[in-house]
Structure formats: C-alpha cells, structure tokens
Amino acid sequence: MSEQSGPGQGQGPNRPGDRPGAPNHPVPPPHVPGPQGGQRSGPPPMQGQPPMQGQPMQHPGPVSGLQGQPMVQGRNPQQFAGPPQGQPPMQGQPAMQQGPQQFAGPPGSMRPPRVDPRRSNDRFRPRPRQTQRTEHSGQAHPGQHQGQPPHNQPHPYRAQPHPRLMQQRVYEQPRFAPTVTQEMRVRAQMQAPQQRVAETAWTGAVRRAEPPPEPGSTGNVVRLVLAILAVCVLVFGLLVMAIFGGYNFGTRLFGLIGLSAIPLIGIIAYVLWLDKWRPQPKLILGLCLLWGAVASVGLTLFVSFISEVALSLVGVGGVPDVFATVVQAPIVEETVKTSLLVVIVLLARRHFDGPLDGLVYGALIGAGFAFTENVLYLGAAWEESTSGLWVTFVLRCLCSPLLHTAFSTWAGVTIGFAARKWPWWAVVLMWLPGLLIGMCLHAIWNGSMTGLQLISPVAQIVGLIVLSFILTTCWVVVGLILRRSERLHTLNMLGDYANSGWLSHAEVDMLGTWKGRRRGKRWAKSFPGGKEEMRTMIRLAGQLTTTRMRLLAGLGGPKEKTIESFELGEFSDARDRLLAAAKGGARPAS
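When we follow our numbering, the leftmost residue of the sequence shown carries the number 1, and every step to the right adds one.
Hints were generated in silico from the structure; no laboratory data involved.
Restricting the straight-line Cα-Cα distance to at most 20 Å, the calculated cross-link-like pairs of lysine to aspartate or glutamate (EDC-like) are: (1) K559 - E570; (2) K531 - E507; (3) K521 - E507; (4) K421 - E486; (5) K531 - D576; (6) K421 - E564.
Derived DEER-like restraints, expressed as beta-carbon distance ranges: (7) W425 - L272: 25 to 35 Å; (8) T562 - F244: 45 to 55 Å; (9) D573 - V235: 29 to 39 Å; (10) F244 - L552: 45 to 55 Å; (11) N492 - T562: 20 to 30 Å; (12) G451 - N492: 40 to 50 Å; (13) G584 - R518: 16 to 26 Å; (14) P279 - V458: 36 to 46 Å; (15) Q328 - T562: 46 to 56 Å; (16) C440 - K282: 26 to 36 Å; (17) Q173 - M241: 46 to 56 Å; (18) V240 - M184: 55 to 65 Å.
No residue lacks a Cβ here, since even glycine has one placed at the ideal position from N, Cα and C.
With these hints in hand, go ahead and build the complete structure from the sequences.
Written out as structure tokens, the structure is:
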C-alpha cells in the first residue's frame, strides 16, 4: 500500500495557521513519494488515525525553520499537530498526539479537514464491527462501526439536509408482517429533490370533497356485525320452531300464526308511533322482537326442564303447579326476557339513552314472547275443540293482549332513567328494580287468575278483563308521558345550540315541536330534494340531542366532543344543501 498523504489544501485566505506577516495566499501541499518513488499530493489522514505501521512518513528533504526545527515547504510541522502545549483539545474531538506525523488541521479551526476517499488509503483499513448505543433509544444499531456517530446524531463528515426536509411523516406498517426496517432505509438512502413538492390544488379539492370520517366508526362496525349475527341466529331458531310447529299442528299452524299476529301488529304499530319522535335503529328493534319470540321462549323451556330434572334427582319429585305458576314462571320468564336490555345498554348505549327507549325495547320483547306463547296456547285449545280455540283467542289475544308487554316494560324504563346520566355499573343495578316490578306484576296476575278460577269461571273472566284494563291503561299512559318528556328534552338540548349560535331559535321551534316538523316538511316538499334534506336535519337534531345530554352528564369522555363537532358539521352541511335546493326554485305543492 502507498504511504500516508500529507495535509490538504487550505480553505481560503487568512487561515489561522499562517504565520504573522505571511502573505495571504494558499500554500501548495507537500509532495510525498508514491509507491514507485514518484511524488504526489494528497489529503491528510483522518483525525485520530496514526500512519499505518511499517509506513514511516517521508518528507522531501530537510528545510531550515524557526528555532532549528525542520520545515516542510516553508511551514513548521508543529503547526499541523493540533493545539499547542497546555491547551485542551476542542470539544467533541479526541486528544491528538503531538508529532510530525499527526495532521489535525489548523489550530482553532472549527471545520474538520476534508478527506478525499479516492486518494486516501484509510478506506481500505479494516474496522472492528462493534455496535454503539444511541442516547435516544438506548439500543445498539446493527452494522454501526466503532468510532462512527449514532444514526440519530449528525455525522461530522456528512452534509446535513435542509431543515425543511427534516419534517417527515411516519407511515404505519403491518403489525404482524413488517415490510422494511430503518436499517434498510439507511442503506437505500433516497436522493432528495432540488425543490420539495408542496400541496397541490387537486389534492386539496379531493380532500374537501370527501366527507370526514365518523368518530368511532370501527366500534360501530363491530357492534353492527354482532347485531347482524345475533339476528341471523334468531331467524334460524325461528325457522326451527316453525318446523316443529308444522310437525305438531300441520297446516293449522298458519291459522295459529294469523290469530296470534293480530295483537302483535297492534303493539308494534303503537310502539313505532312512540318511537317516531327520535327513531331507534330498526336492527335493534328487530333484535328485541326476535329475542322475545325465540330466545326467551327457548331459554324458559330449557330452564324449566333443568329444574325438573334437578328436583327429580334429589328426590323431591316435581314442582307444585301453584308454585310453578306464581313463583317460578315470573322469575324465570322476566329474567330471561329483560336480560337483553342490559346487553343493549352496555354495547349500544348511544341508542339507549332514555326511559322511552327502554319502554320501546321492553315492549317489543314482551310482544314477541306473547306471540309465541299465544301460538302454543291456541294450538293446545284447538286440539281439544274449535270452541275452545275461539274462547282462548278472545281471552288472550283480545282481552289481555298487553300482559307480557307491560311486565317487561318496567325494566326498560328503569334502565333508561339510569342510562341518561349515570355510569355503567349504576345502569346495570337499575335493572333490578324494574325486574322486580315486572316479577311482582306477573306473579299477581298468575295468582289472581289461579284463585278466581277456583271460585268460578265467570269470576275469572271478569277479573281478567279488569286487571288487563288496568295494566293496559297504565302502560299506554306511561308511554304518552315519556313521549312528551322526550320532545321537551329535545327542545331543551337544541336550545343550548341555539344560544351558542349553531342554530337559530326558529330552527329549534321547527325541529323541536310536532307542528314545526310538519310545517318544515310541507315547505321542503315544494322543491326537488327538499323533503329528504329536511328529514336528514330532523334525524341529525335527534343525534345532537343525545350527544348534548351525554356531554352534560359527563359520559363518553373527550371523544364525545369530537362526535359533537362531527354531528354539528353534518347538520350545517344538510342546512346548506337544503337552502341550495330551495334557491333552485320551488314548485307548486301537490
């Protein structure tokens, strides 16, 4: 290998290493004999690197200098040996041994000497493969050689990029199958452009055209999938029950379903009318109806069978009919029916935020349970006689159609009161008072019918009609009261947005009253697309009511403010579209 090269060229005039009074002109580097004895110039070795062993430094010849010291091309070699005696080395630079073979640059210079890798033999020197720990992460970077700075620190011999280029964005990688590592990016470093690309007009237009993502969309999708799966399972169970019913009743099953559906249709119509002010998702309504018709009946029969088997194993025999009717049936049936309400309020509390929602859900569960139970009772009466079928139909489907609906409603109402302002554990506890009320009403009904039957059939019929009228009246009145309360609640919450400037008070009157909604729909119907936008505004007003109440109660955390901002933006967009459609021209109302 060739010998070590001499010091590099200076960086312009007035260098710190020039002697006082020396002319301000660059000094040519000394000539060092090459491998074949020739002369060539080259940069000095890197700082802290002594000459290779076995290759002594050779100079062109002794030249006279100051104080009897040899000179190299008219310069003192001590001037290239680093700081003078007694002066500490520069901060961040290792201490240099003084001697004619060390060339560390001019004293006091803040810029390290430039080394040409094509002329320096230091690039052929083997380096130990050791790792260093960075101060930032505390972990060693593989492939980092000793003496090199960490990746997160600037390299003294590498030009640093412009500060604008340092603002980078970290893109997300797959968690279980990452594609690249930081070491791979370091090895395949990309050349930066001369001018950084700024925001373009078309990307901004596309971003404005796309609707903002709905907060909590991932959780909503998960809950939607679970609800769909539950509905599919219940529909399959309903088909299985229909197959068994057809095997037992034959073609008479269609007649039994038609008779049992008469009270069911009336209950559903009234419940949907109550829910019209702020409609709940149809998927949840269907889930409640199927739960009462399929799962509640199946679980009740299963629990009754298990209890009879357990009692027979312990030698008790069987449960007395009176105990099973007055005690066992109310406890098992009401618990099984209303357990779904707890699941809904825990998984979809945004759609269960008031007592009216609980009344709607509980009523549909009870109506589904009564439908399946009526099919079974009507089928058993039809097996005996046709007259027995009609008597049972009048008593159960016409005189007392709302029994199970009224029993399961109370658990929904108590849960709804708690869901509006209390934490989740208090909501679950409030299930118990409503459940106890439903059990007591159910037990009173069964006990009264059993006792009146012992007196006379006429007394039983009269008692059935009177008690059913009382329960039905109470249930209908409670529904009307809660419906009015829900309307006032909406008016109050929208008033907060009107006082803040998001809505006008005229809009609150239009969206918070039945009369205002009817007038708004009639006006929006006079131009194309207006009625749909008005319905959208009414729906968003209901969502804003729920969000505002959750914020006031401290539910949902900071995420609720994001949801409120998103819903307010949607409401403003719907208003703008409605006004734009109105400016397009009105048509005569039909």
